[in-house]
Structures are given as C-alpha cells and as structure tokens.
Amino acid sequence: MRLPIRVVFDQRGEAPKRLTALVPIVSVLAALFFGAIFLLATGYSPIDTYTNMFSDGFASSRGVTDTLALSTVLICTGIAAAFAFQMNIYNIGGEGQLYLGMIGGAWAGITLGDHLPSLIMVPLVLIFGALAGALWIFVPAFVRSRLGTSEIVSTLLLTYVASSLIDYVIYTPDSFFRNPNTSFPQGRLVSASAKLQSFGDTRLYPTIFVAIILAVVLYWVVKRTEFGYRINVIADSPKAAHYAGINAKRTTMSVMLISGALAGLGGAMLIVGPYGKIEPSIVNLGYGYAGIVIAALARNNLAAIVVSGILFAGLRVGGEKLQISTDTPIHIGVMLQGAILLFALGGEAFRRYKIRVVLVRAVTT
Amino acid sequence: MNDTSHEVAQGSHHLGGVAPTALSAHNIVKRFPGVLANDNVDFDVRAGEVHTLLGENGAGKSTLAAILCGLYQPDSGYLLRNGKPMHLSSPRAGLQHGIAMVHQHFRLVDRFTVSENVILGSRDLGFRLNRKEINEQVAAVAESFGLPIDPNAVVGELSVGQRQRVEIVKALYQGAEILLLDEPTAVLVPAEVEKLFDNVHSMTKAGKSIVFISHKLGEVVEISDRVTVLRNGRVTGHVSGKGTTDTRELARLMVGRDIELNAQRATHPIGHEVLQIRNLSLSINEVEVLSDVSFNIHAGEMVGIAGVAGNGQRELADTIAGLISPASGSITISGAMTTDRGPIQAREVGLAYVPEDRLGMGLVPSMSILDNLLLTRDRKVIVDRTSIRPEASRLIDQFEIKANGPDHLARKLSGGNAQKVLLARELSGGRSATKLLVVCSPTRGLDVGAIETVRSLLNDARSAGQAILLISEDLDEVMSLADRILVLYRGAVVHETPGATASLSTVGAAMAGLLENGGV
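Residue numbers (our numbering), protein chains in the order written: chain A, 1 to 365; chain G, 1 to 520.
Keep in mind the hints are simulated off the structure, nothing from the lab. Model, not experiment: these values are computed from the prediction. Using N, Cα and C, we set each Cβ at its ideal position, and we do this for glycine too. Keep in mind that the hints are not guaranteed to be accurate.
[To be verified] In silico PhoX-like links for lysine-lysine, alpha-carbon gap of 20 Å or less:
1. LYS195/G / LYS205/G
2. LYS195/G / LYS216/G
3. LYS412/G / LYS402/G
4. LYS380/G / LYS223/A
5. LYS412/G / LYS17/A
6. LYS249/A / LYS239/A
[As the list claims (entries may be wrong)] Here are some, though not all, of the chain G residues that point toward chain A, as calculated from beta-carbon distances under 10 Å:
7. GLY342
8. LEU359
9. ASN372
Please model the complete structure; the sequences and the hints are all you need to start from.
Spelled out as structure tokens, the structure:
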C-alpha cells in the first residue's frame with residue numbers, strides 16, 4: 001500500500017542566503033538529535049550528556065582554551081581540505097600530510113641547533129613542516145595535473161604510508177627521531193628554542209593566530225587576487241580556462257601543493273605547540289580527516305572554517321572530558337563527528353531543492 | 001486575450017466542425033523574481049493538430065510549456081483537459097493526463113538501451129523485467145508512428161536525431177496524447193528535420209496533438225496548423241492556416257518591429273593584411289584535421305568559412321587563437337608570428353575570439369558579467385574590479401544586454417544576451433585594440449532579434465577596420481555577410497569565391513566534397 005503523501009523536490013535557481021547559513025547549524029542540531037537516540041538506547045541521558053559536553057567544551061575557561069588549542073590544528077587541516085575542494089580537487093590525504101608536517105618540523109627543530117633564537121627557529125619549524133606536507137602531496141599533484149590521475153585515491157593511499165612512516169621513525173631502535181634516553185619508544189624533543197610558550201597555564205599557543213590569519217588571508221586571496229580568479233575559472237569550466245590562456249596544470253599543481261603545505265603546517269604547529277616531538281598517538285586522533293568534515297560544514301568557505309573548526313574542536317573536547325568525568329564512552333564524540341558530516345552533506349539537498357511533502361489526492365475531474 | 005493581441009489571419013475558432021480542444025490554458029500568469037514570464041496567456045491545442053508557440057528567447061514560451069506539462073505551477077490561471085479543469089502538480093501528473101514534454105536537452109541515459117530508456121520512470125513494471133516483451137512493445141509503439149528504432153541499440157551510440165526519436169517514443173509509450181516539443185530542430189541537421197516533420201504528421205494523423213515550440217520562422221510556417229506568438233510574456237498574435245502565413249508578419253509580431261531578415265553587405269574599403277596563414281596543417285590523434293591551409297584577411301574584410309560541421313572549422317579557429325599548436329605552417333597576426341605562442345600572445349597583438357561554446361568556454365557560467373569581462377584581459381596580481389565596473393556598465397548599455405548590472409551571473413543570461421556579452425568583451429579589446437576577430441557560429445540558437453543585432457555588430461566591426469573570420473555552419477549567413485568565402489572540406493580549403501558573386505550551388509557542391517581542388 002502506498003502512503004497518501006509524496007515528497008516533491010523542486011529545484012531552486014539560487015539558494016537563499018539565509019539557508020546557506022542555516023544548513024550548517026541545522027546539521028549540527030540534527031547530528032545531536034541523532035546522537036541522542038543512541039544515548040537513550042544505551043541508557044544515558046542525552047540532556048545531561050550534552051550539557052556536560054557543552055560546558056566542558058565551551059562554557060568553562062579551561063574548556064574554552066582547550067577548544068581553541070585543538071581548533072588550531074583543525075583550522076589548518078580544514079583550510080587545507082577546503083582550499084583544494086573549492087577547485088574540485090579532493091585532497092583527502094590531509095591526515096598523511098599532517099604526519100609529514102610533524103616529521104619535517106621535528107627534523108628542523110632537532111637539527112637546526114640550539115644556537116638560533118626562538119624568533120627564527122619557530123618559523124623555521126613551521127616552514128619545514130609545511131614543506132614536508134607539500135612534498136607528501138607532490139607526486140599526487142604531479143600526476144593529477146599532468147595525467148589526470150585521481151587525487152582521491154593517491155592522497156588517501158599515501159596516508160597509510162605516512163602512518164607507517166610515523167611508526168617507523170619512532171619504533172625503529174636507532175631512529176633519528178626517537179628519544180635515545182628512554183627505553184620506551186618516544187619522540188625526540190626538539191631544541192628549546194623551537195618550542196613556543198603557551199598562554200599562562202593553558203594549553204593554548206600563539207599558533208592559533210597564525211591559523212586564523214591564514215584562513216582569512218586565503219579567503220582574501222581567492223576572492224581578490226589573480227590566483228584566486230584562476231582557481232574560480234578552472235573550478236567552473238576548464239575549457240574557459242584554456243580559452244583564456246590560464247595554465248590549468250600549473251594552477252592545479254600550486255593549489256595541491258598549498259593544500260598539502262597547510263596540512264603539514266598543522267602538524268608542525270603540534271611540534272612548536274603542545275608536543276615538542278613526534279607523538280606517535282597522532283595516528284589515532286584523525287585531525288586530518290576531521291579537516292574534511294570541517295570544510296564540508298563550512299561549505300569550503302575559507303573564512304567560515306575558523307567558526308566550524310572551533311565548533312568542531314569544542315565538540316571533541318567536550319566529548320573527551322565527558323569520558324573522564326562520567327563514564328560516557330568517548331565514541332559519542334566520534335559518532336557525532338560522522339553524523340555532522342552526513343547531515344551537512346544531506347543539508348545540501350535542502351539548499352538546492354525546495355522540498356515539500358504533499359498529500360496525494362484523487363485527480364479532480 | 002489582452003489588448004495588444006490581434007488576429008492576423010482568420011481566427012480558427014470561427015471555423016466550424018473542427019476537432020475538440022484537447023488542452024487549454026486560460027489567463028496563465030507566472031512570475032519569476034524580476035520577470036513576468038507569462039502575463040495572462042491563453043493557449044489551446046486541439047486533437048490532431050500542430051499548434052506552435054513562437055517567440056524570441058525569453059518571450060515566455062518555455063515557461064508556458066513547462067506549465068502545460070506540470071513542471072511549473074502557474075501563479076494564477078487554470079488548465080482544462082478535454083474541457084475539464086485539472087491541476088498538475090508535477091510532470092508525472094501531466095503524464096497521467098496524457099501530456100508529455102520532449103526537452104531540448106535530452107534526458108536519456110547514454111549507457112542504457114533504447115527500451116531501457118523508454119521504460120525508465122514507468123511504474124507498474126514488476127520486479128523482474130521481461131525484456132523480450134518490453135522490446136516488442138517499444139518496437140510496436142515506435143513503428144505505429146513511423147519511428148523505426150532498434151530497441152536494443154545503446155543510446156550513447158545513436159545520432160542526435162535518433163535520440164530525439166527515443167524521447168518521442170518514450171512519451172508515446174507512456175501514453176502521451178499531447179506532446180510538447182521544445183525547440184526540437186535546434187539540434188538536428190536538415191535531413192533529420194525532414195524526418196522529424198514526417199513523424200509529426202504521422203502522430204497528428206493518429207489524433208495526437210503537438211505543441212511545437214520554436215523561434216525559427218521557416219519551419220514554423222511549414223509545420224504548424226496554428227501559431228501563437230509570444231513577446232515579453234504576452235500573446236501578441238494568433239495565426240492560423242498552414243502555409244498561408246507571411247514570415248515577415250510573424251517576425252514583426254515576434255520582435256515587435258519590422259526587421260531585415262537578410263543582412264546586407266556594406267560597402268567599405270579594404271586595408272592592409274592583418275592575418276596571414278601559410279601552409280597550416282594539424283593532426284589530432286593521428287587524424288589529419290587541417291591540411292595545408294593558406295589564406296589571409298585584410299583590415300575591413302570579412303572572410304567566411306563555409307563547411308559541414310566537423311571539417312576542421314573549430315580546430316582552425318582554435319589554432320588561430322593559439323589554443324592548439326599546429327603540426328606545421330605559420331600564423332601571423334598584424335605582422336607578428338603567433339604560431340605556437342599561446343592565446344595570450346595572440347591577444348596581445350590584437351586577436352579576439354568568440355568561440356562556438358558560449359557558456360563554458362567563452363564565458364564562465366558561475367561568474368558575473370564583470371568577472372567575465374576580465375577573462376581575456378590583463379588582470380594584475382590583485383584583481384582590480386573597481387576600475388572596470390564603469391566600463392562594464394557602459395558595455396551593458398551599449399550592447400543592450402538585458403541584465404541587472406555588472407554583477408549579473410553569466411549563466412542567468414539568455415543565449416542572445418550571453419552572446420552579446422561575449423561580443424562586447426571581444427570587440428572592446430582587452431590586452432590590445434582588437435584587430436582580428438574570429439567568430440564561430442555567432443548566431444546559432446539565437447532568436448531573430450538577436451541574430452539581427454549580432455550581425456549588425458559584426459558589420460560595424462568590419463566597417464571600423466577590423467579583420468573578421470566568420471566561421472559558420474549557417475550557409476546563408478556566410479553567403480550574405482562575407483566578402484570572401486572559403487570552403488573547408490576534410491580540413492582543406494577546396495573552394496574560394498568572392499561573396500558578392502558566390503553561387504549557392506557551387507559552394508554547396510564544394511561543401512559536399514564534389515569539387516576537387518576547385519579554387520577560383
């Protein structure tokens with residue numbers, strides 16, 4: 001039997017502005033609702049859980065600084081993803097580029113000596129991290145721009161290689177990156193001058209400003225510069241780019257290298273910031289993959305990533321603290337992350353179509 | 001009926017004993033943001049007739065058709081089917097009333113076979129498909145209307161004309177009594193148009209009604225039993241009687257003023273050599289596309305390239321524009337070698353190029369008119385939009401582009417206006433003053449009013465001393481505009497003749513490859 005209702009999709013010519021802003025908010029709310037079903041089913045109170053999460057993530061001073069601290073790296077991986085996505089290049093290997101950024105940054109921090117002042121060392125570590133991230137995407141970028149090879153596959157697969165590389169440099173007995181003074185495998189600490197001071201007794205580092213400024217600058221670059229103009233032309237119609245003499249290969253290459261460099265920079269920020277060494281547990285944290293969700297939530301708007309990155313960091317921080325303070329499983333946070341992506345992508349349907357539920361009535365004659 | 005409309009020929013409702021009205025629309029109003037697409041429109045179609053909706057692009061004919069088939073709902077007004085009111089909430093509801101639309105851009109799955117496409121969207125098929133039975137049904141429907149087609153053929157391998165036939169068979173299979181054909185001939189070659197018209201006749205003989213949507217006067221006169229002319233969303237006239245109508249009168253109703261259907265060659269002086277092409281040859285995937293092409297164009301001269309599509313015209317234009325590197329030969333634009341130097345170099349010495357694909361190659365659809373003006377200009381490192389804005393507004397006025405201003409998105413322009421934006425950009429010069437203009441199919445798909453404007457823009461450019469290469473599949477256009485005509489056949493220039501004395505039969509023979517090395 002068919003229900004006497006029908007869902008009608010009317011395509012919109014242009015998505016209304018308020019919907020563009022509303023969809024991300026509603027997707028987060030929908031994800032929370034979705035999570036509530038699971039919480040209820042497993043015997044937890046969704047209201048208590050979410051209240052705790054919110055106060056841990058956003059409402060306490062400790063929560064706010066922890067959230068901002070985490071958002072530093074998430075903004076980096078978010079803009080890394082969005083910068084490529086907006087040209088229809090799907091660099092989903094930000095995770096691997098982030099690992100390489102850690103390795104590159106740690107190398108500079110260990111090697112370039114104790115004689116350089118912090119003012120030079122910290123930027124050097126960040127630059128080397130970015131270079132290492134760019135290096136990791138170089139081959140995918142080269143084959144994508146020259147041969148059209150799918151960057152989705154190549155960047156994703158290289159992430160597994162990068163993950164093994166982290167294990168290799170930490171667990172190999174004589175590794176350069178391994179701390180020689182401990183029997184337990186740990187990363188070797190970078191020189192003191194390569195480390196930043198956190199604000200007061202928080203875990204927040206000044207790198208947050210670098211991340212935010214970068215997001216805003218890149219937003220401006222795309223809107224206002226010749227380079228951004230080229231990106232927009234290629235994203236819309238490669239044939240028009242060819243017609244106008246825009247070198248699509250070179251632009252594709254540049255965009256991918258920048259994307260990789262941004263993810264790598266995120267990794268290096270972990271070196272100059274909280275860790276000061278390669279932290280092998282990074283492979284379980286998924287900061288690079290989270291960048292994809294953050295980019296989707298911000299609809300690839302580079303400036304909006306600052307907001308979605310902080311929001312996302314808050315959810316994770318709240319989720320983690322929840323496990324410590326109550327016995328709610330940490331996986332609720334991870335599940336919410338996935339649900340947000342799902343609903344953000346699903347929300348696109350609402351932006352592009354006017355969806356109505358209509359009663360099917362007998363045809364009047 | 002509103003006050004601007006009038007009866008040109010004898011109104012058909014005066015005739016007695018006509019077939020009953022199958023579908024009628026009354027006082028239809030449809031408003032889109034900023035546009036009144038249909039303003040109190042009345043329309044009706046009888047069983048077994050062809051009723052044409054004629055109008056320029058943007059006149060509201062596609063909107064009316066979309067309302068008739070249920071794709072859009074009118075803001076006010078109502079529809080009657082066999083005299084009874086009906087409400088169409090979707091195209092599916094339209095189908096249930098026997099109304100189907102054949103869209104200009106086909107909605108077929110290339111990888112599916114003909115019959116798979118035909119049954120796509122049908123309900124009540126059951127879980128398991130009985131292919132044999134379906135194939136027989138599809139073939140039977142097709143043959144009964146003189147539309148022979150192999151049900152097992154893969155759609156991706158069919159010609160455009162055959163694909164259109166699949167769309168029509170699909171509509172008939174779904175039980176359509178009233179078919180709306182949206183610009184069906186736009187994609188067809190002349191021989192296919194003839195076949196389509198035969199099919200239309202066999203359908204009307206079987207009692208089907210056809211709503212034919214077009215802006216091509218010649219074919220409208222040939223196929224229609226009645227014509228309703230729309231302009232700016234209003235009905236401006238009804239004409240009836242096959243073959244008795246005057247195209248000039250129809251054109252006037254459509255455009256709102258008298259127009260010159262045949263452009264006149266202006267007399268003008270011819271200056272120095274601007275373009276010189278020597279022994280140009282090009283191969284793509286080891287297929288020879290251009291073979292030893294040599295010609296030149298002078299300032300104030302328009303050279304027309306005639307030829308059947310696919311004989312190297314597009315590649316010739318792309319090569320001159322620096323988009324393709326030739327295998328051998330040379331291109332010189334106002335004394336500077338541009339062979340193999342890329343499009344920017346060619347533009348710096350005065351090239352302008354209006355490609356055949358307007359949206360997607362000549363214009364970036366998602367960008368504004370302003371940003372599209374910047375496409376072929378020097379943009380600086382930080383794009384300076386402020387200083388070009390006044391020029392954009394001026395060009396919009398000067399070229400009479402219907403837009404809300406420089407920020408209007410290219411993809412929201414009608415075909416004619418998109419072409420005007422392209423011409424405005426290319427004629428106004430970018431990296432240097434335009435000396436050589438290469439235009440491909442400049443009026444294809446445009447309505448009569450826009451065609452007239454575009455042709456006069458080209459004439460003005462020539463009078464202003466620009467050298468023009470006009471590449472067009474519209475032989476009449478080349479014959480009536482060009483000072484000199486070259487015929488391309490299999491990538492070689494097989495015939496050259498002055499435009500004023502060109503003979504249609506000789507040029508036609510050369511296009512068909514019947515003249516061997518038949519230069520003048």
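Cross-check of the supplied hints:
1. LYS195/G / LYS205/G: Roughly 15 Å between the alpha carbons, so the hint for LYS195/G and LYS205/G holds.
2. LYS195/G / LYS216/G: 17 Å, holds
3. LYS412/G / LYS402/G: 10 Å, holds
4. LYS380/G / LYS223/A: 14 Å, holds
5. LYS412/G / LYS17/A: 18 Å, holds
6. LYS249/A / LYS239/A: It holds: about 13 Å lies between the C-alpha atoms, which stays within 20 Å.
7. GLY342: With Cβ-Cβ at 6 Å, under 10 Å, it holds.
8. LEU359: At 8 Å from the nearest chain A Cβ, LEU359/G passes the 10 Å test, so the hint holds.
9. ASN372: With Cβ-Cβ at 9 Å, under 10 Å, it holds.
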